[in-house]
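Put together the whole structure using the sequences plus the hints.
For reference, the chains in residue letters:
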Amino acid sequence: MKSFLVLVFLCFVGLSVYSQNNEIKGIVVDINGVSLPGVSVIIKNSTKGTTTDFDGNFTISNINVGSTIVFSYMGYVTNEIVMNNLDFLKVTLIEDTEKLEEVIIIGYGSQKVSKISGSVSTVSKNSIEKLKPVRFEEALQGQAAGVNVISSGSPGSKPTVLIRGIPSYTGTDPLVVIDGVQLTMDDMNSLNPGDIESINVLKDAALSAIYGVKGGNGVIVVKTKSGKRDVKTTFSYDSYYGVQQVTNTINVLNAREYMVILNEASAATGAGVVFSNINNTVGTNWQKEVLVDAPIFSHSLTAQGGSHTTSYFISAGYLGQDGVVGGGNKSYFNRTNFSANFNTNLSDNLVFIANTSYANIKSSGLPENSISSVLSNALNFDPTVSPYDADGNFGISNTITQEIINPLAQIHNTYNYGNNNKITGKLELQYNVLKNLKVTSRLGYNYVDIYGKYFNPLVFYGVGHNSTNAHADLSPIVTTGSDGTRTSTHNRVGETKTNYFSYTYEIYGNYNFKINEDNSFETVLGMSLGKNQGENVTANAQDVPFNSWDYADVSSATGSSASQTAGSWQYIKRNLSYFTRINYDYKGKYLASFTGRVDGSTSFGKNNKFAFFPSVSLGWVLSNEKFFKSKIVNYLKLRGSYGTVGNDNISPQFSRISTFPKYNFNNVIVSGSTLQSIPNNNVSWENQVQYNIGFDIKIFSSKIALTADYFQKSVSDLLFNPTLSLYLGTPDYPASNIGKTKSYGTDISLTYKDTYGDNFGINSSLSFTKAINKVIQINNGDKFIWGAGYGIPWTTLTRFEQGFSPGYFYGYKTDGIFQNQNEIVSHATQDGAQPGDIRFVDINGDGKIDAQDRTKIGDPFPKFTVGWNLNLNFKNVDFSIFTYASIGGDIFRAYERNLNYTNRFAKTLTRWHGEGTSTIEPRVTFIDSNNNRRASDRYVEDGSFFKIKNIQLGYSLPLSLYKKSGFTKIRIYTQVKNAFTFTKYSGFDPEISSGVLDTGIDRGTYPQPRIVSAGINVKF
Amino acid sequence: MKLFKNIGLTGLFFFGIIACTNFVNYSAVENYEITADAYFQSPADYQAAVVGAYDPLQWLYMDVLIGDIASDNSLSGGESATDIIGIQDIDNMTQTPNNDVLTSLWKYLYEGINRVNYLEENKNKINFNGKEALYGEVYFLRAYYYFELVKFFGDVPLFTKARLVANDSGSLKRNPKSEVYAQIETDLKNAIKVLPTAQSQKGRVTKFAAQALLGKAYLFQDKFTEAAAMLENVMGVYSLASDYGSQFLKSGENGSESVFEIQYTNKSEWWDWQYLPQGTEGNFGIVHNGPRAFNGPIYASGWSFNVPVSDLYNSFETGDTRRDASILDIVAFANATGTTYAEGYKHTGYYNNKYIPRAGESSAQTELNYLTNYRAIRYADVLLMAAEAYNRSGNDAKALGYLNQVRRRAFGDTNHDITATGATLTQLIWDERNFELSMEGHRFFDLVRTGQAASKINGFIEGKNEVFPIPQQEVDISHLKQNSGY
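From first to last, the protein sequence lines are chains H and S.
Under our numbering, the first residue of the first sequence carries the number 1, and numbering increases by one thereafter.
Under our numbering, the first residue of the second sequence carries the number 1021, and numbering increases by one thereafter.
Source of the hints: derived by calculation from the structure; they are not laboratory data.
For glycine and all other residues, C-beta sits at the position ideal for the given N, C-alpha and C.
Please note that a few of the clues may not be correct.
Claimed, not checked - Cross-link-like lysine-lysine pairs, in silico, DSSO-like; alpha carbons within 27 Å at most:
(1) 606(H) with 740(H)
(2) 783(H) with 1193(S)
(3) 848(H) with 1476(S)
(4) 1127(S) with 783(H)
As the list claims (entries may be wrong) - Going by beta-carbon spacing under 7 Å, a handful of chain H positions derived as facing chain S:
(5) 464
(6) 487
(7) 602
(8) 661
(9) 669
(10) 673
(11) 782
(12) 851
(13) 854
Here it is as structure tokens:
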């Protein structure tokens, strides 16, 4: 900007001196044909020149043929043109992506990449535009080194995002900062990824410590698009339509196989056959019945531009995604977005910024990734049952009486609706006190209003089925007791209202100065004050008229007032923080940065209200040294950092009297009380110490760039709720700082960028992420904490245990199949085992198989992940492909229900049925006295996969075709997301996410569908 | 000058904010939460805390099932060999320290004790009329919880002064059974001193309930003289229901024979069942005993656990009305009524007719929410305990009197009166206990107490199975010594 002003001044001077009449006119446009205003146009080796006007036009007088004109514009490659004549001149400037990325947004400021000594991964707008994600986290997967993203296929659902491993037990979601406003990942379902300008992941303490106690899981800094000053409004419209499809199904038994296997299982117990005729049944493939091709479509319209004192970015978007499981009536995610970012000069040195973003999300869902999920039912339900009976009612199994139901009936009987309104934004004043001193005062806010409704109708899944609550004609079941009292079943409706509101007020100053030209300082000092609160009211009622969703509402329910209930909850959390940062560099060669933050939070015990989080980092740009002379290496920087960050993911603590206990006297329920929680006044921050060392290198004219980092994180005061002696009863024990974890690993990112001639460009990047996590110490009686589990009866599977990686699978090891009685006798005592049953390993060698023989049988987290991105441009055609590989993670197959009459899986066909017939698959029997289905490595599979996540082919129509219509760009493209998955895993999808200690348990996970779509981008 | 003004103003602002560090102080009332400091300020707070101390009684439904499944009366049943493994193991006498059912039981009993102790801790905060009598209920409850603990586990950690806090974790050792019994006796004696003989609310502990429990505690220690004397206090206070079976119906709840009954109701709502067992007031044990996939009159479907064996059914004398009141012959019933049902694991053809899902006795979460109270101490039990105590302390005449009261009700005549004496009578009283009390959760503990367990229970190992294993988790965390053999 400074040089621009100087140029204007020089032009002015220049114009006053010369007075010849040779004039040239022209226009400057970008590669898309969009005119560029404010471009400096100078005659080389002179002071003569001008700038382009609002429409990109320029006029230069007094010019001679043969002179060279230099066109330069910030962020674009400077173009020099020799004037052979004085005809109208059209000049195209090409964006200099390298220069654009030079400055990145970090906490409370921005910094030149070349001067950063911390570790950061960047995802550009370009990658997001190519990927078209529903949620922005998708764009981090495989593109940001050091970030591990595990996505789910369920529309709009939150993925697991791990920045450099799992150091904490109490949560791993990184902090998300959008335009300076602190938000959480839970808020990200409302962000339209099309509004994003850039994403920077702050990975090490040097950069994240300025967010102190919030920075422990890393920080994702998102900058949304904004307008430019002195630019005519440009409109952009993007739209695509796609079809989603599940490409992989699981092999289960067909009707005939099912009958054969059940007959054998029954015979094994000495009982007769179940099916006497196994020949004339047409079976049902339940997966085919519930998996549908579902549409996804998106529209987005933006306008951006600016006057001399104001700039703006306005966007409107709509995304509609239907679920592939069950279809769009019962499973959908529809999002409407409106955003407006304004930036205006109130006076010469006062800038006002208002960003406002509104989102509405309407959604409905079906049960997923649990024993009661639609997919679990589809896999386990009786294949001999028809979807509908002769009368058109849902088919019913006479033999399955527990939990498992006709999945089509389940879809039909599931009713819920969510409506989510969200306003997020900021009001910000920037006051330039001095040329180099800027004070920023910012109020960031986030208001969320969530309405939800569910309806549980009267349903019939067969007489005696434990999910049935009505007769076959859906009339309620009325029973009369021995004393004549009548009771009835009811349908139920519930409505819930939840509000979340958070604000953060921040004021800080940025002061940049130099000492002796060579010593540059950039400093920040500020404070922040934030409040976070939530509240909910819920009401439930019964007896909805006509047993119908159309009438389902608390207001319409006719149940007695005694059957109506209401509930509420609320929480409040406040933070108060002070922060500072000093960046120093000496001649751009030696870099140093110091960050400190003091944080206070309501979450912490009386004795530990405040804590200090410091960090330091150092960098050395070798390539700027005089002694460094290399023709190959253009740039080389070494970096190192050390610092602490925190985590305050716990609730405020106090001795709480609960009024939840109840008893009844005279058949009237009376409320009681008990002490429900016992505080820990010493509870404090989880302090995470991080080290990072790394380097950045660019070679061959910066065509190839490599960034590599090694990190280590250790937590010495891990927060978790201890498992105490059972004789303390069942109160809630407060979180305490009683454990240690350690994570370490490597992130590598390699990019290659080149152009061949004018028509062919290539851009490719590879990212590698490896993080190893270990729980060093659990000061708990038994040195572990149980994590997630599965099934009925509930089987806990994952553990957070001293000496192991977090969330590993715990169970029995198998050692083939007992072929005969002799093998059973010679093995350790294994109660109930018969020939054909699984032989479990006597891990502790005590001669008997019991719960003490359980051990580590798998680890759901990958050893490493690799993402590879390739973009090619040839003339008007662009092609991009993105692949992602996750290597070494295990999956536990938990969707196999294994009741006597539920369906089995195809491998059952290879079962043991006599000596020597199988060494893997146990016999089938209705009386599983050996408990073959206990949690064991039998269910653990290698979940490594390689996915072609995205392929896109685009074509930009030549400008000449539509130039006159006012359009400046028309591009059409076709895209395939989740195109191919290569894996040995036998389930739907090896990518299974639902919380860190619940990773890798496949209870019938929602697969990520293949999405084939076509779209258009238009600019005008 | 302007520069300095600006910097000065900015600085002032910062300092202003720094002053308000109480911004991050937190008070529980912001979330409408009651803190311990603000509690025990009125009699109502004490009343509520006592209700809280009764609450864990309702969580003990598995004790009742185990009392018969572990014995020779019934089999585990359920859906399959892996349905509630804890129960399956106990039926086979192969229970290990990793038994979820026993672990929960241990925790629930200690929660009851801690709730009582929290009242003890706050006993002297205020005074009010009726406080002493209220504490009588409290001490009874502690005795009840400790009694269950010694019956199941033998020596257990004993503490009475206050609710334990996190720092107490791992600090306790197992106290000898005798010390626990001594505390039970002390608590019940203190309760007897202050409890009223009648309570206006059904379900509350009375003086007689405390005396009956104390008599039982004596009997379990073979203190026959003390037992006889204590139980004598209860004689004549209650009367036997004329129709044996009627007392197990809804209409028989808190009836003339009821000395102490754990109260359940079907008035809990379906969402209360999300917090099992703490949230609900329904009896979760009942559905376990129900006939599988039942479709017929009178009863309702259940999970086919705790199925009585034919030996028990056949052991009753002809004319004993207690057989059909105690055991449902599902095959005969189905034939007579056209009922259909499914056979569960270890199907015997019999169901527990005392504690069984009955049509119309559940609501809201209809599958689970049964109102059936657990008749923890019945007068018939008191009579038989007294008979045994007198017999074993040398007063057979008294013993026969009480025993025959029970038999006359059962047979409806005096033709089945017993006249035997001495050791023969002892055995007859023990047998009578099972005719009278089978499928009510007493059998296993009676067999152990009377030394008959090894001869009656398949797989019972003497010197080991008299008590259940201490939960492994407790052994790991608290370093308690495991019971021998486990």
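Taking the hints in turn, this is what the structure says about them:
1. 606(H) with 740(H): 23 Å, holds
2. 783(H) with 1193(S): It holds: about 20 Å lies between the C-alpha atoms, which stays within 27 Å.
3. 848(H) with 1476(S): 26 Å, holds
4. 1127(S) with 783(H): Cα-Cα ~19 Å, so holds.
5. 464: 4 Å, holds
6. 487: 4 Å, holds
7. 602: 4 Å, holds
8. 661: Hint holds; residue 661(H) Cβ to chain S Cβ min 4 Å, cut 7 Å.
9. 669: Holds: closest Cβ of chain S sits about 6 Å from residue 669(H), inside 7 Å.
10. 673: 4 Å, holds
11. 782: Hint holds; residue 782(H) Cβ to chain S Cβ min 4 Å, cut 7 Å.
12. 851: 4 Å, holds
13. 854: Violated, because the Cβ-Cβ distance from residue 854(H) to chain S comes to roughly 9 Å (cut-off 7 Å).
Hint check: a violation occurs at hint 13 only; the rest are consistent with the structure.
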